[in-house]
Structure formats: structure tokens, C-alpha cells
Amino acid sequence: MGAGLLRNASTPQKLTRIDQSTLNTVLAAQADYIAKGRGMPADLSFHDLSGMDLCGRDLTSVNFIGANLTDATLNGTKLCGARLKGATLRLARLEAADLSNADLRGASLQGSVLTDARLRFADMREGIYYRFQENGEPVSQNSDVVPTEMIAATLCHADLSGAKISKGRAMQANLQDSVLHDTLLDGADLRGANFEGADLEGTDLAHADLTDVSLRGAVLRHTQLGGATLKNTDFAGCVIDNSQLAAGAGTKNLPIRSEKTLAELPALIARHEEWLKSNGALGHRLELSNLDLSGCHFEHVDLSGARLINCKLTAADFTGAKLRLVDFSLSNLERANLQKTDLRAAILKRVFCRNANLKNANFAQVGAQSSSDRNIAANLQYGRFQESDFSNCNLTGANMTRCNLTGTIFTGANLAGAQLLNAIACEDAYTQIEAAGGVVSEIRLAD
-5 MGAGLLRNAS
5 TPQKLTRIDQ
15 STLNTVLAAQ
25 ADYIAKGRGM
35 PADLSFHDLS
45 GMDLCGRDLT
55 SVNFIGANLT
65 DATLNGTKLC
75 GARLKGATLR
85 LARLEAADLS
95 NADLRGASLQ
105 GSVLTDARLR
115 FADMREGIYY
125 RFQENGEPVS
135 QNSDVVPTEM
145 IAATLCHADL
155 SGAKISKGRA
165 MQANLQDSVL
175 HDTLLDGADL
185 RGANFEGADL
195 EGTDLAHADL
205 TDVSLRGAVL
215 RHTQLGGATL
225 KNTDFAGCVI
235 DNSQLAAGAG
245 TKNLPIRSEK
255 TLAELPALIA
265 RHEEWLKSNG
275 ALGHRLELSN
285 LDLSGCHFEH
295 VDLSGARLIN
305 CKLTAADFTG
315 AKLRLVDFSL
325 SNLERANLQK
335 TDLRAAILKR
345 VFCRNANLKN
355 ANFAQVGAQS
365 SSDRNIAANL
375 QYGRFQESDF
385 SNCNLTGANM
395 TRCNLTGTIF
405 TGANLAGAQL
415 LNAIACEDAY
425 TQIEAAGGVV
435 SEIRLAD
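Numbering follows my numbering, in which position 302 of the sequence shown is assigned residue number 296; successive positions increment by one, without gaps.
Rather than coming from a laboratory, the hints here were simulated on the basis of the structure.
All C-beta atoms, glycine included, are put in the ideal place defined by N, C-alpha and C.
Treat the hints with caution; some may be incorrect.
What the hints assert, rightly or not - Computed cross-link-like contacts, BS3-like style, restricted to lysine-lysine with a CA-CA straight-line distance of at most 30 Å: (1) K72 to K8; (2) K271 to K225; (3) K254 to K343; (4) K271 to K316; (5) K343 to K353; (6) K225 to K246; (7) K246 to K271; (8) K161 to K72; (9) K161 to K254; (10) K8 to K30; (11) K353 to K334; (12) K158 to K271; (13) K343 to K271; (14) K158 to K254; (15) K161 to K246; (16) K316 to K353; (17) K225 to K316; (18) K225 to K343; (19) K271 to K254; (20) K334 to K246; (21) K30 to K72; (22) K158 to K72; (23) K353 to K271; (24) K334 to K316.
Said to hold, decoys possible - Simulated restraints on C-beta separations: (25) G244 to G31: 52 to 60 Å; (26) Q7 to R438: 56 to 64 Å; (27) K225 to G70: 17 to 25 Å; (28) D206 to R279: 14 to 22 Å; (29) A275 to R368: 20 to 28 Å; (30) E421 to N18: 18 to 26 Å; (31) G277 to N236: 16 to 24 Å.
From just these sequences and the hints, can you work out the full model?
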């Protein structure tokens, strides 16, 4: 028996196993505590609750220290302030669970599913991890303090803002489109993790290992990266100040400023327009990627069908341009001027388009050449359009799934048939979207 494991006299020699019926009795008492505010929260510390069903319960402040919750189901469960220090939550299902302010120090969440979960200000630093065998007997170990473990966990769309995960282990974890404002991940092992579309504004990643990590479309403003390992880290579409990165850091897909390409741009546009007029017989399609084209002028040109993927186009001017079927995927269009543009069937998937001028732009569907019965819709999925102006825009049929529309203006716009599933909007934008014919029941109000 490991001396380091069981130094605390209050640590039991074996986990207590209870059946679902007994657990339900404990949970009923917990519900009474929540309703009446008398007594104490439930104490399920050092209990074997593996495989148990705790869905949808209010388990605020419950003591789960050292408990075994392997393969337990806690979807939609409220665990605010719960004490889960050293608990085992491997393969547990915690979809849409609320673990805000929970104590998860030294816990194991390996392979667990926390899609849409809230872990705001959760404490996930190092702590004691109580290891027990399947029969409840303790397992020997050399050290009683270990990092919180989230290896291969699924945290898509989760909110970990303000969480403390210093030195945590989250290799191969999926944090796609998660929110990590001001989160502490300093010294964390994040190798192979997926942060695609994540919002890491203000996060501390100093000395973290980001080897083989995908940050495609992520926001890293005011993020600390000092001493971080960035070998083969994918920054395509990432919103970041390049000065934060050391030269030769091993990153890939960061847009670069090429004076040669800037000088050649008028000729490249002319060849593209020739390609359009000749139906592809002459000239060449404009295809640019991984380039910094900030402040460039594209007013009134015809770029229909062009590909401008993972380009930095901040403050670029596209006034009156024809941009049908243009692919802007993963590009940064912050403060861009896109007023009066023809953006029918354009692709703006995972663009960063904050504070952009899109007044009177046309995002309507177009008919596919191969079939008169099929229309191609503009694709704005996962786009960040905070504080942008869509006044008088035609957005009929546009796919705006999971767009961030906080502070966005839709005065006079047409959103009939637009897909707005899980888009985020504040109350003002919500009201304008409803007036524009959008299906507001699909929208989530911003916190």
C-alpha cells in the first residue's frame, strides 16, 4: 500500500459501493437541501459511483472527493462548487453539465465528454489523485500530487473561462470552439489537442507544450505564449499578433507580408478578370493563401470565384466588388469595408470579421449550373461578426450556424430562410434578427 497515497488518516482503505436505489435516496436528500437551504450537501466522497446515472440533478457543493465516477452519466447536471478533488471521471458523460467553481484538482477526466459544459473558474491545478482498483482497493503510487488529466477528453463548445489548469495534461483533447477567456494553461501539456475555433483571449499559455496543436480559426489576442513549445502548431486563420511569436518557432500557416505579391496584385487581378470573361480559357483564377493583404484596395473589381484563404485582410476595401462564390475561409476581415458587395454564395467560414462594414451587401443564394433545382447558399458558419454592420443586407438562405453576432447591426436586413442554429447574439441583435425574418428560436443569447 503506497504510503504517499494514504497519508491522510481520513482516507478510507476501500471505496464504498452503493446501488442506484441508495444513490437516489441520497440525491433526494440533496434536492431537499437545495430547496430548503437547511442541512449539509451530500457527502459521496470515496464512493464507487461508476456507471451510475446522475443526469439533470442539482449537485451543487456535493463532496465527491476521491470518488470513482468512471463511465457515470451526468449530462445536464449542476455541479457548481462541487468538490471533485482527486476524483476519477474517466469516460464520464458530462454534456451541458455546469462545473463552474468546482474543485477538480488532481482529478482524471480522461476520455470524458464535456460538450457544451461550463467549467468557468474551475480549479484544475495539481492535486492528490486517489487511485483505486476495480475492487475498491487502493493502488500504490510514488507521489500524492498529480496534474489534472483531460487526455482525449471532448470539450467542444465548453466554457472554461477563468479556469485554472496550470500544468494540466490535455493531450489529444478536443476543445473545438470552446471559450477560454483568461484561462490559466501555463505549463500544460497540450500536445495534439484541437483548439480549432477556440477563443483563447487573455489565456496564459506560457511554457505550455503546443506541439502538433491545431489553432485554426482560434483567437489568441492578449495571450501569453512566452516559452511555449510551438513545433508544428497550426495557426491557419488564427487571430494573433505575430510579434507574440519568436522567429523560427516552428509554427505553420501564419500569414506573411510579401512585398513581391503586393506589387504583382493588380496584374493578378487583371488575369483573374480575363479568366472570368473567357470562361476559363484565358488568364488564371486568383488563388492566394497565407498572405498578409491588410489595407489592400479591391474596390469595384470582379473577384468572383477567387480563393483568398487564410489571408489577413484587415481594413481591406472591397467596396462595390463582385465577390460571388469567393472563398474567404479562415481569413481575417476585421474592419474591412464590404459595403455594396455581391457576396452571393460566398464562403466566409470561420472568418474573423469584427467591426466590418457590410452595409447593402448581397449574400443571397445562386442557382447551381449543374441543376436548376439546386441553389448554393452563402456559407458564414462559425464566423465572428461582432460589432459588424449588416444594415440592408440580403441574407436570405445564408448559413450562419454558430456565428457570433454579438453587437451586430441588422437594421433593414432580410434574413428569411437563414440558418441561425446556435448563433450567439445580444438582445439588441436578437430583436433586429427577428424583425428581419430570422428564426430567433435557434439563437443563443450572449451571457
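Verification of the hints:
{"no.": "1", "hint": "K72 to K8", "in the structure": "holds, 27 Å"}
{"no.": "2", "hint": "K271 to K225", "in the structure": "violated, 44 Å"}
{"no.": "3", "hint": "K254 to K343", "in the structure": "holds, 28 Å"}
{"no.": "4", "hint": "K271 to K316", "in the structure": "holds, 13 Å"}
{"no.": "5", "hint": "K343 to K353", "in the structure": "holds, 19 Å"}
{"no.": "6", "hint": "K225 to K246", "in the structure": "holds, 9 Å"}
{"no.": "7", "hint": "K246 to K271", "in the structure": "violated, 36 Å"}
{"no.": "8", "hint": "K161 to K72", "in the structure": "holds, 26 Å"}
{"no.": "9", "hint": "K161 to K254", "in the structure": "violated, 43 Å"}
{"no.": "10", "hint": "K8 to K30", "in the structure": "violated, 33 Å"}
{"no.": "11", "hint": "K353 to K334", "in the structure": "holds, 6 Å"}
{"no.": "12", "hint": "K158 to K271", "in the structure": "violated, 57 Å"}
{"no.": "13", "hint": "K343 to K271", "in the structure": "holds, 27 Å"}
{"no.": "14", "hint": "K158 to K254", "in the structure": "violated, 45 Å"}
{"no.": "15", "hint": "K161 to K246", "in the structure": "holds, 25 Å"}
{"no.": "16", "hint": "K316 to K353", "in the structure": "holds, 15 Å"}
{"no.": "17", "hint": "K225 to K316", "in the structure": "violated, 39 Å"}
{"no.": "18", "hint": "K225 to K343", "in the structure": "holds, 26 Å"}
{"no.": "19", "hint": "K271 to K254", "in the structure": "holds, 26 Å"}
{"no.": "20", "hint": "K334 to K246", "in the structure": "violated, 35 Å"}
{"no.": "21", "hint": "K30 to K72", "in the structure": "holds, 17 Å"}
{"no.": "22", "hint": "K158 to K72", "in the structure": "holds, 19 Å"}
{"no.": "23", "hint": "K353 to K271", "in the structure": "holds, 28 Å"}
{"no.": "24", "hint": "K334 to K316", "in the structure": "holds, 9 Å"}
{"no.": "25", "hint": "G244 to G31: 52 to 60 Å", "in the structure": "holds, 55 Å"}
{"no.": "26", "hint": "Q7 to R438: 56 to 64 Å", "in the structure": "violated, 47 Å"}
{"no.": "27", "hint": "K225 to G70: 17 to 25 Å", "in the structure": "violated, 39 Å"}
{"no.": "28", "hint": "D206 to R279: 14 to 22 Å", "in the structure": "violated, 32 Å"}
{"no.": "29", "hint": "A275 to R368: 20 to 28 Å", "in the structure": "holds, 26 Å"}
{"no.": "30", "hint": "E421 to N18: 18 to 26 Å", "in the structure": "violated, 40 Å"}
{"no.": "31", "hint": "G277 to N236: 16 to 24 Å", "in the structure": "violated, 33 Å"}
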